[in-house]
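K.L.:
Just so you know, the protein sequences line up as chains A and B, in that order.
The first sequence runs 146 to 293 under my numbering.
The second sequence runs 3 to 104 under my numbering.
No wet-lab data here; the hints were simulated from the structure.
Predicted, not measured: the structure shown is a model, and the values here were computed from it.
Honestly, I wouldn't trust all of these hints.
Claimed, not checked - Quick list of simulated restraints, FRET-style, between CB atoms:
(1) D235/A with E8/B: 38 to 46 Å
(2) E241/A with S84/B: 21 to 29 Å
(3) I7/B with C247/A: 20 to 28 Å
(4) D219/A with Q79/B: 41 to 49 Å
(5) E103/B with L149/A: 20 to 28 Å
(6) K98/B with E234/A: 49 to 57 Å
(7) K98/B with L217/A: 17 to 25 Å
(8) E205/A with E29/B: 16 to 24 Å
(9) A172/A with Q79/B: 30 to 38 Å
(10) G95/B with Q151/A: 21 to 29 Å
(11) Q79/B with A161/A: 29 to 37 Å
(12) S266/A with Q9/B: 44 to 52 Å
(13) K28/B with K282/A: 47 to 55 Å
Claimed, not checked - In the DSS-like style, the derived pairs of lysine-lysine whose C-alpha atoms are separated by at most 27 Å in a straight line are:
(14) K28/B with K248/A
(15) K69/B with K248/A
(16) K98/B with K51/B
Ideal placement from N, C-alpha and C gives every residue a C-beta, glycine not left out.
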Amino acid sequence: MNTLNQMKLSFLSRSANEGFARVAVAAFFAQLDPTVDEIADIKTAVSEAVTNCIVHGYAEKIGVVYIHAKILKDNIISVKIRDQGRGIEDVKQAMEPMFTTCKNGERAGLGFAVMQSFMDSVKVSSKPGKGTTVILKKKIASRENNAQ
Amino acid sequence: MAVRIEQEEHHIIAHLSGEIDHHSAKEMRETIDFSVESALPETLTLDFKDVTFMDSSGIGLVMGRYKLMQSMNGSVQVCNVSDHIRRVMRLAGLDKLAVIEK
Ligand SMILES: Nc1ncnc2c1ncn2[C@@H]1O[C@H](COP(=O)(O)OP(=O)(O)OP(=O)(O)O)[C@@H](O)[C@H]1O
Ligand SMILES: [Mg+2]
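All chains, full assembly: derive it from the sequences and hints.
P.N.:
So, in structure tokens, the structure goes:
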């Protein structure tokens with residue numbers, strides 16, 4: 146098995162949980178001794194994905210957000226963030242920088258761009274009416290070889 | 003309080019603190035807009051000195067204030083941004099909209 150360690154988390158789509166989710170994920174990866182910059186990158190990308198589940202996936206409803214974080218071989222981390230909300234019709238379009246379906250001018254449409262810039266890979270799969278899954282991956286440089 | 007407003011003639015400084023995400027941005031936005039709309043300043047400075055985290059909700063916050071100030075022919079300055087927050091802002095091209103100072 147490629148998975149060396151893993152944890153699962155689920156919580157209600159309340160905005161107060163945005164901070165909890167990114168801190169919990171970052172704390173789980175602390176065992177790899179990531180740099181301060183790497184921790185900030187992970188927190189920011191997780192925050193984007195979780196916020197999207199809350200703001201777009203469930204919107205006015207309250208649903209459950211699921212996170213599955215894994216430590217893989219070679220210091221690679223993987224975070225799956227999933228909702229069972231509205232889903233995305235056109236994933237390619239949604240991922241374009243500055244694309245947003247938010248109408249009040251308070252969202253930049255840069256969440257996916259931030260995830261892509263701070264992580265090594267971002268995979269999105271979605272079905273309208275069924276929900277959205279985002280998988281983030283990143284290789285952690287780590288100050289020393291550890292966690293093996 | 004996540005925002006402390008300092009008011010001078012023609013100038014408002016909003017000192018932001020803590021984490022800026024979708025959860026916290028709403029209150030920050032409302033506090034800043036209330037003072038801008040009542041004082042009608044020429045410049046608005048957003049001070050990020052005590053901001054410990056920011057995601058794209060912070061970009062939305064700066065962009066929204068930029069639009070508000072522009073509608074009154076005013077301008078926005080951003081100061082004291084950490085390296086990480088600067089990276090988020092650069093992604094959005096905010097360095098072209100607002101003056102970002104060290
Ligand atoms: N989990 C999701 N469920 C449904 N739609 C989504 C989801 N995530 C993203 N989207 C759609 O993709 C668009 C782009 O998302 P992205 O995070 O890049 O920008 P944003 O959330 O609109 O703005 P920002 O993240 O900058 O505040 C959203 O406006 C929304 O329409
Ligand atoms: Mg977003």
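K.L.:
Compare the structure with the hints numbered earlier in the document and write down the numbers of the violated ones, lowest to highest.
P.N.:
Those not satisfied are hints 5, 6, 7, 10 and 13.
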